[in-house]
Amino acid sequence: MKRMILVLFLLGIVATGFGALKVAIVAGDAIGDRGFTDMAYIGIQEAEKQFDIEYKVFECHVDPSKYFDSLRAAAMNYDLIFVDPGYFFDKELAEVSAMFPSKTFVYIDGASDLPNVVSVPFKQNEGAFLAGCLAALLTDKTELCKINSEKIVGFVGGFDMPVIRDYQAGYEHGVRYVDPEVKVIARYAGDHYDPALGKETAYSVSKEGADVIFQAAGPTGLGILEAAKDYGFFAIGVDTDQGYLQPGFIVSSMMKKVDVAVLDIVRMQIENKLEKGSLHVYGIANGGVGLAYNEFMMDTVPASVYIEIREIQEKIANGEIVVDSYLN
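Positions 883 to 1210 (our numbering) are the ones given, in order, by the sequence shown.
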């Protein structure tokens, strides 16, 4: 009888492997940030539906004093650790990954040369290019109630940092691609976590004539979207689909599909295809970035503009258009 139980136990191990994959997300912010954490959370929930995994989200609430302890706790108890976004944790990741060389860390939205870190950068310049095309096409549609007679669009960033400059580079290239005569007013709020400052910055850009403003400013951008409603211009959201926040004023959002990346990486780990130190880049061609094509866009954007944007997206995907990048 004991021998039979042992055989059944061993067969169970063979059939199921060594149990569920233990996955952690160490988030610089928290669930409900309407940004990277929420997107990663969507991805890990979908992964749980498809695969045998256990997961936990470690929320740091943008408190640097929590970064090291959260990352270490995740590494002590989990095997695959998403660091979201990676650049919040550069110093801590170098220390903790060295302490746990057998664990696999995933650097979201950037690249790392650490040996046991998988890098997952996004081609935000490609998505921003589409946002620029959309803005340039809309600013010419003076029949729309929020569009003035001037060919001026805006860009508002949060922190002045390379990844945000890459958004700007792609956006300005997209505007030029559609109409070189359209002027782009670019401003930086100087903070990613101050919606009031974002609102003030967006207001100043709109007062200079911009009737479409693309924001790449994290939570500061929530103030920019609020300004669109209060001051009567169109806005383009960022990272997640933000159209529901100010319906009728947010024409689309440039999404970084962190959820897609999280699901892909978990799948590769489950299938033993994920190599430590590997690089996985997400752009338009593999569905990693793009505009939100939703009911808010359909209600606001003329059909001719929608069709042209989709045609431009296909040209980027097949390599016909190569988008400028600040990071090159």
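Rather than coming from a laboratory, the hints here were simulated on the basis of the structure. For each residue, glycine too, the CB sits at the ideal point set by N, CA and C. Among the hints, a few may not be true.
To be verified - Cross-link-like lysine-lysine pairs, in silico, DSS-like; alpha carbons within 25 angstroms at most: (1) Lys-1089 <-> Lys-938; (2) Lys-973 <-> Lys-985; (3) Lys-1065 <-> Lys-1089.
Said to hold, decoys possible - Pair ranges (Cβ atoms, derived): (4) Lys-1065 <-> Val-1204: 21 to 29 angstroms; (5) Met-981 <-> Ile-1067: 19 to 27 angstroms; (6) Ile-1189 <-> Asp-945: 15 to 23 angstroms; (7) Glu-1032 <-> Glu-1177: 25 to 33 angstroms; (8) Ala-993 <-> Asn-1200: 53 to 61 angstroms; (9) Pro-997 <-> Glu-1032: 52 to 60 angstroms; (10) Asp-945 <-> Lys-1197: 19 to 27 angstroms; (11) Pro-1129 <-> Lys-1197: 41 to 49 angstroms; (12) Lys-1111 <-> Glu-1157: 43 to 51 angstroms; (13) Ser-947 <-> Asn-1030: 45 to 53 angstroms; (14) Asn-998 <-> Ala-1185: 45 to 53 angstroms; (15) Lys-1155 <-> Met-1180: 48 to 56 angstroms.
Next on the checklist: Just to be careful, I want the Cα atoms of Lys-1065 and Lys-1089 compared with a cutoff of 25 angstroms; is the pair within it?
Outcome noted: Holds. Lys-1065 to Lys-1089 sits at ~14 angstroms (cutoff 25 angstroms).
Checklist entry - Does the Cβ distance between Glu-1032 and Glu-1177 fall inside 25 to 33 angstroms? => result holds (29 angstroms)
Checklist entry - For the pair supplied as a hint, Lys-973 and Lys-985, is the alpha-carbon distance within the 25 angstroms limit? => result Holds: Lys-973 and Lys-985 sit about 17 angstroms apart, inside 25 angstroms.
Checklist entry - Taking the beta carbons of Ile-1189 and Asp-945, is their distance inside 15 to 23 angstroms? => result violated (46 angstroms)
Next on the checklist: Taking 45 to 53 angstroms as the stated bounds, is the beta-carbon spacing between Asn-998 and Ala-1185 within them?
Outcome noted: holds (49 angstroms)
Checklist entry - Do the beta carbons of Pro-1129 and Lys-1197 sit within 41 to 49 angstroms of each other? => result violated (30 angstroms)
Checklist entry - Within 45 to 53 angstroms or not, the Cβ separation of Ser-947 and Asn-1030? => result holds (47 angstroms)
Item to check | Distance restraint evaluation - Ala-993, Asn-1200, Cβ atoms, bounds 53 to 61 angstroms | outcome: Once the Cβ atoms are compared, 25 angstroms apart, the range 53 to 61 angstroms for Asn-1200 and Ala-993 is violated.
Checklist entry - For the pair supplied as a hint, Lys-1089 and Lys-938, is the alpha-carbon distance within the 25 angstroms limit? => result violated (45 angstroms)
Checklist entry - Is it true that the C-beta distance of Pro-997 to Glu-1032 lies inside 52 to 60 angstroms, as the hint says? => result Because 53 angstroms falls inside the window, the suggested range holds.
Checklist entry - CB of Lys-1065 to CB of Val-1204, is that within 21 to 29 angstroms? => result With a Cβ separation near 24 angstroms, Lys-1065 and Val-1204 satisfy 21 to 29 angstroms, so the hint holds.
Checklist entry - Holds or violated: 19 to 27 angstroms for the Cβ distance of Met-981 and Ile-1067? => result violated (47 angstroms)
Checked against the numbered hints listed earlier, the structure breaks hints 1, 5, 6, 8, 10, 11, 15; every other hint is satisfied.
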